[in-house]
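**Student:** Here is what each chain is made of, one letter per residue.
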Amino acid sequence: MFNQYHLIKELELHALDLKDARRPAGIDENPEAEIAESETIKDQILHMFKTNKVAAVSALVILLFILMATFAPLVAPYHPNAQSLVDRLQDPTAKHWLGTDEFGRDVLSRMIYGARISLLVGLIPTTISMTIGTLLGLIAGYKGGRTDYFIMRLADVLLAFPSLLLAMLIAYTIGKGLLTIFIALSFVSWAGTARVVRSLTLSLREKEYVEAAVSVGVSKTKIILRHLLPNCIPTLIILFTMNVPGNILSESSLSFLGVGAQPPSTSWGLMVFRSKKYLSKTPIATLAPGVAVLILVMAFNFLGDALRDAIDPYMKE
Amino acid sequence: MKKLSLLLILCLLLTSVVGCGGEKAVEAPAEPAAETPADPAADPAAEAEEKPVASGKFDDGYPENVLRLGLQGELESADVQLTTADYTIPMNIYDCLFEVQPKDDGSSEIVGNLATDFEVSDDGLVYTMHLREGVKFHNGEILTSDDVLYTVDRMLNPERMARNSDSMSMLKGFDAAVEGEIPTMEGEGIVIIDDNTFEFHLTKAFSPFLANLCVPGFSIYNREAGDAADEAGGGSDNSQFGVLPEYTIGTGAFMMKDWVLNDHIYIEKNPDYWKGPSKLDGILFKIVPDNETRRMMFESGQLDEFDLDDAREQIPYYMESAEWEDNVIIGNRVGTFYYHINESIAPFENVLVRKAMQHAIDKQAILDSLYGGAGEVASGILAPGMMGYNADLPKLEYDPDLARELLAEAGYADGFEMTISQTTDSPNTLSLNEIVQAQLAEFGIEVTIDQMDEASWFDVRRTGALPMYTTSWSADFNDPDNFLYSFFTPANSLNRSFNYYNTDAMARVEAARYMLDHDARMQEYQDLEKLIIQDDAAWIPLFHLKHIWVVSDRVNNYVPFWAGWSGANYWGVYLD
Amino acid sequence: MTKYIIRRILTAIPIMIAVVFIIFMLLQVLPGNPISIMMGEKAKPAVIERVSRELGLYDPVLVRFGRYVWNALHGDFGRSYKLNRQVSDLIKLSFPNTVRLAISASLFAWLMGIPAGIISAIKRNKFVDHFVMAIALVGISSPVFWGAMLLQFVFGFKLKLLPLSGYNSYKHMILPAIILGWASAGSIARMVRSNLLEVMKNDYIRTARSKGLKPWAVVYKHALKNSLMPVVTLMAIQFAGMLSGAVITETVFGIGGIGRLTVDAINNRDMPLLQGATIFSTLIIIIGNMAADIMYSFLDPRIRDR
Numbered sequence: 001m002f003n004q005y006h007l008i009k010e011l012e013l014h015a016l017d018l019k020d021a022r023r024p025a026g027i028d029e030n031p032e033a034e035i036a037e038s039e040t041i042k043d044q045i046l047h048m049f050k051t052n053k054v055a056a057v058s059a060l061v062i063l064l065f066i067l068m069a070t071f072a073p074l075v076a077p078y079h080p081n082a083q084s085l086v087d088r089l090q091d092p093t094a095k096h097w098l099g100t101d102e103f104g105r106d107v108l109s110r111m112i113y114g115a116r117i118s119l120l121v122g123l124i125p126t127t128i129s130m131t132i133g134t135l136l137g138l139i140a141g142y143k144g145g146r147t148d149y150f151i152m153r154l155a156d157v158l159l160a161f162p163s164l165l166l167a168m169l170i171a172y173t174i175g176k177g178l179l180t181i182f183i184a185l186s187f188v189s190w191a192g193t194a195r196v197v198r199s200l201t202l203s204l205r206e207k208e209y210v211e212a213a214v215s216v217g218v219s220k221t222k223i224i225l226r227h228l229l230p231n232c233i234p235t236l237i238i239l240f241t242m243n244v245p246g247n248i249l250s251e252s253s254l255s256f257l258g259v260g261a262q263p264p265s266t267s268w269g270l271m272v273f274r275s276k277k278y279l280s281k282t283p284i285a286t287l288a289p290g291v292a293v294l295i296l297v298m299a300f301n302f303l304g305d306a307l308r309d310a311i312d313p314y315m316k317e
Numbered sequence: 001m002k003k004l005s006l007l008l009i010l011c012l013l014l015t016s017v018v019g020c021g022g023e024k025a026v027e028a029p030a031e032p033a034a035e036t037p038a039d040p041a042a043d044p045a046a047e048a049e050e051k052p053v054a055s056g057k058f059d060d061g062y063p064e065n066v067l068r069l070g071l072q073g074e075l076e077s078a079d080v081q082l083t084t085a086d087y088t089i090p091m092n093i094y095d096c097l098f099e100v101q102p103k104d105d106g107s108s109e110i111v112g113n114l115a116t117d118f119e120v121s122d123d124g125l126v127y128t129m130h131l132r133e134g135v136k137f138h139n140g141e142i143l144t145s146d147d148v149l150y151t152v153d154r155m156l157n158p159e160r161m162a163r164n165s166d167s168m169s170m171l172k173g174f175d176a177a178v179e180g181e182i183p184t185m186e187g188e189g190i191v192i193i194d195d196n197t198f199e200f201h202l203t204k205a206f207s208p209f210l211a212n213l214c215v216p217g218f219s220i221y222n223r224e225a226g227d228a229a230d231e232a233g234g235g236s237d238n239s240q241f242g243v244l245p246e247y248t249i250g251t252g253a254f255m256m257k258d259w260v261l262n263d264h265i266y267i268e269k270n271p272d273y274w275k276g277p278s279k280l281d282g283i284l285f286k287i288v289p290d291n292e293t294r295r296m297m298f299e300s301g302q303l304d305e306f307d308l309d310d311a312r313e314q315i316p317y318y319m320e321s322a323e324w325e326d327n328v329i330i331g332n333r334v335g336t337f338y339y340h341i342n343e344s345i346a347p348f349e350n351v352l353v354r355k356a357m358q359h360a361i362d363k364q365a366i367l368d369s370l371y372g373g374a375g376e377v378a379s380g381i382l383a384p385g386m387m388g389y390n391a392d393l394p395k396l397e398y399d400p401d402l403a404r405e406l407l408a409e410a411g412y413a414d415g416f417e418m419t420i421s422q423t424t425d426s427p428n429t430l431s432l433n434e435i436v437q438a439q440l441a442e443f444g445i446e447v448t449i450d451q452m453d454e455a456s457w458f459d460v461r462r463t464g465a466l467p468m469y470t471t472s473w474s475a476d477f478n479d480p481d482n483f484l485y486s487f488f489t490p491a492n493s494l495n496r497s498f499n500y501y502n503t504d505a506m507a508r509v510e511a512a513r514y515m516l517d518h519d520a521r522m523q524e525y526q527d528l529e530k531l532i533i534q535d536d537a538a539w540i541p542l543f544h545l546k547h548i549w550v551v552s553d554r555v556n557n558y559v560p561f562w563a564g565w566s567g568a569n570y571w572g573v574y575l576d
Numbered sequence: 001m002t003k004y005i006i007r008r009i010l011t012a013i014p015i016m017i018a019v020v021f022i023i024f025m026l027l028q029v030l031p032g033n034p035i036s037i038m039m040g041e042k043a044k045p046a047v048i049e050r051v052s053r054e055l056g057l058y059d060p061v062l063v064r065f066g067r068y069v070w071n072a073l074h075g076d077f078g079r080s081y082k083l084n085r086q087v088s089d090l091i092k093l094s095f096p097n098t099v100r101l102a103i104s105a106s107l108f109a110w111l112m113g114i115p116a117g118i119i120s121a122i123k124r125n126k127f128v129d130h131f132v133m134a135i136a137l138v139g140i141s142s143p144v145f146w147g148a149m150l151l152q153f154v155f156g157f158k159l160k161l162l163p164l165s166g167y168n169s170y171k172h173m174i175l176p177a178i179i180l181g182w183a184s185a186g187s188i189a190r191m192v193r194s195n196l197l198e199v200m201k202n203d204y205i206r207t208a209r210s211k212g213l214k215p216w217a218v219v220y221k222h223a224l225k226n227s228l229m230p231v232v233t234l235m236a237i238q239f240a241g242m243l244s245g246a247v248i249t250e251t252v253f254g255i256g257g258i259g260r261l262t263v264d265a266i267n268n269r270d271m272p273l274l275q276g277a278t279i280f281s282t283l284i285i286i287i288g289n290m291a292a293d294i295m296y297s298f299l300d301p302r303i304r305d306r
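These protein sequence lines map, in sequence, to chains L, D and A. Following this note's numbering, the numbering of the first sequence begins with 1 at its first residue and continues without gaps. Following this note's numbering, the numbering of the second sequence begins with 1 at its first residue and continues without gaps. Following this note's numbering, the numbering of the third sequence begins with 1 at its first residue and continues without gaps.
Next comes chain L alone, as it looks inside the complex (with noise of 0.2 Å):
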């Protein structure tokens, strides 16, 4: 688990930029704005599986992944808990195509239902903690004073723990699964989301029509959903192609610490780990789940690149 400090500093940075920036484009000042801008991500977003094959085909591998984990029933050939003790530690077969793993159970049917759980460990989290981190920003950013610091202050203890650390904790607190997991690592991630949505929140307050908003008594609620949050969305997409990839990740390695999926359901990350001790025998059932996890993070960070350049008003030039 990497630190993103460095991320977050480089978000926070460009929020600056967009203090000085002309007001983004599509931001208009009738109640519309926030459709029109949803409007243009939308264009933006189109306009760049048009013209960037890397994207779309990332897109695409992500979207066979989501499919093959939902439908996993129809498309495994074998039930992955279904055990064959006589048929254990197969090298690949027209019956098993990637093998067997020690319990004769089939290893890419088994691949097939850990998607789910590699996937959901990519989004659910981030969903959770960007929400949380999303809120409390535009609280602390838009408040000021002591809620800001006090948010702010949290954020950086948080920032400061070694996260793969504080992730095992937690799950050693209140007991290992996926539901652990998922709070683990929706608790330890909120943070960079906050620092980054505060401050943005701090350099639009000041936009003109902001405070023509304000002026015209318009509640704080309404501004924060209307105003602030639309114009945030362009940079929590980039955040969330950030975490989701990570999010995978650290799934992988707190199955390597033993604290992730627990058995018989299965994670990518849990499978390499347990097929490590035939690697000599079938290297195969340590490989092919790896690639897996390899090339769903590829596919993320490669499409997070793509929007980053296409939807960004503020990132690039």
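Be a bit skeptical, because a hint or two may be false.
Computed list of lysine-lysine pairs in DSBU-like fashion (alpha-carbon distance at most 30 Å, straight line) [to be verified]:
(1) L:K277 x D:K204
(2) D:K530 x A:K201
(3) A:K3 x L:K207
(4) L:K53 x A:K201
(5) D:K204 x D:K530
(6) D:K172 x A:K214
(7) L:K281 x D:K172
(8) A:K201 x A:K211
(9) L:K42 x L:K222
(10) A:K126 x L:K53
(11) L:K50 x A:K211
These are calculated hints, taken from the structure and not from any lab test. On a predicted model such as this, the values are computed, not experimentally measured, just so you know.
Mind docking chains D and A on chain L? Use the hints.
**Tutor:** What follows is chains D and A alone, placed relative to chain L:
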């Protein structure tokens, strides 16, 4: 540009501050350690420079005539009183009063070690011990009765928090000593007659007492060495005994030499060993946490031995490959694998269900697939090699029809739901549980495997509420008491969460400890075993595994420990 | 500027206190008696009871916290339950190994990452660029322990080129340094590339190029300096991260560093060691983050007001 240079300077500063911090830590080791003249263990960097690295066959910098063994983790302590797990090094640097010697037929006998002889009074309460004369500790001191007294006092001193003290619980004055009420056992449990003669005084005629004197936990220490180690650490609560090699003194065949935290421990041969010096120059223990890495190191010649307990799936490979089959060492493991059934959880209060479980699990299939068939299916408690083992116990065969019948009779023809608990991070246990889960599904028994972290697992177990679980027990000392008393007493049956109800049987287990007629006592244990396992079905015995090692080509005379532990005394081993 | 730095250092103090408190409290709610785990299957209940009492585990939480802080202020972080040594000794023995690993990995990351980024930027959208960036992304995207295992298997076991485990020579450091450094080399390369491209769009660079300077020369003379600043910050943060313990790399390659010490402490419920080691790692990250904040404030003074 100014900005940039400032930045760079700042960065350099950060790097150097942190870097210096690191180097400083190297130069000035532990505060107490700083007072000691030489502390090689504290300085891995210097270590690497001092020794010729990558010389010849080995890249670890130690001579060729050194036995190289792998350890899974860092030692808890080399002070054997502070560990219940890491006996390998203590077994080689200390000696006990007696030792167990395996015989060719698989059984074993107790022979003198630091003690040459003993007499026991008719009432079984007083043991008179005669110490071997002229035995030298590594610091040059001569072994006397006072050292035995010191060893016991040290073990019972509550401030020391010794982990093995209960092996002495039959001594007079034990309770007062562990509560800190009396500072020494002299005149209580131990009476010194002269430098080489002393008596143990017991509160009851405890038959397994002699067997208890053979455990590594009762290795004999030296008073001067202990005091020096305490002083070096600034007091008894920070003794350097078992921490710094130069203060870790015993009488054993090897002496502590180097200890680099989480990397390796080197023990060197004791030229003055009373049995004669070992043919080895020393033993290097490399600490390698990952089993597979350790196996790869063995195969590439960097380790001389690999314990197949750490890669059971490789047993067939080593047993069958032409390259390794001659290097396989098969030892007894005086131990039993079993499932505990918690009788306080429905439907296991019903003896029929428990018996059905005994017949529903195909133990031979598990033995073959998980352990390469190396062992035998168990039908009782005591393992082969243990005193009192009963080879004629009726077999508990895998019999699905009988199991179904019993289930139907109990009213569970369609099965039931149950939980098997285990700790996380134990893949071997999990493999076993997953197979049993699949096997029981055949009977409509739906098993949930509840993986708990170790702490909760132990905690719940203490309250008696832990669902069925599997574990194994291997012998600490050669007496059936070690097996039966550890489980089948009211306190232990609750502590281990199986809630055995037969108080009559448990009273007999307690009484058997104090029977003086050896043969009658063994007969009683065999009767109890049959009653508890086959009539009451308190356990599901699984198997007695063999313990298998592979050694490198150059290793000779490798004799496993009588009880089949991973470590042994390597005094007799020699290398080509 | 000085004022900002002082302010930034002062804010680190309450963070540190909070961290100590949170770690202590988290450890208190960890389920289970650490002594029963420590002593394992064979332990007699009476002994567990005696040892727990002797260690003061039955005192109220606040009493224990007070005692811990008081002792810690006197430099006594307690004695490890499992390893029976002073926590401060264990950290002193382990940290140098983590430092060596961090330095080797960082050197690898810097020596690979910066040139790779430059080459990529110069050969923008050519094959070399795509190739280098793909390798960088593989480093960022692969699970560390998987990569570590494979390298160990191939180079240590099959080819027998490098030692499998341990840390007593520089040869031992090669594989861990590569695996730990790869990911940061990847992010360094990506950052160097994108910053270079950004800077190269500037007018003065265009002017220099139109004057007929070779791309290499332009990069070296003008662009590199301006684009390196954020990269230096990134490197500092990464370095601090590595110093706080590379848990997985240390475990796979059997390096006795802070990360492995901490993970073992968690697994063994070795409270004193866990507290000490976590506080130590956290302190390093706090210093790293602080350094990054200060460096960024050089880059962009506006950030100081935030």
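**Student:** Confirm or reject each hint.
**Tutor:** Hint check results:
no.	hint	in the structure
1	L:K277 x D:K204	violated, 50 Å
2	D:K530 x A:K201	violated, 88 Å
3	A:K3 x L:K207	holds, 29 Å
4	L:K53 x A:K201	holds, 24 Å
5	D:K204 x D:K530	holds, 27 Å
6	D:K172 x A:K214	violated, 93 Å
7	L:K281 x D:K172	violated, 58 Å
8	A:K201 x A:K211	holds, 15 Å
9	L:K42 x L:K222	holds, 23 Å
10	A:K126 x L:K53	holds, 15 Å
11	L:K50 x A:K211	violated, 37 Å
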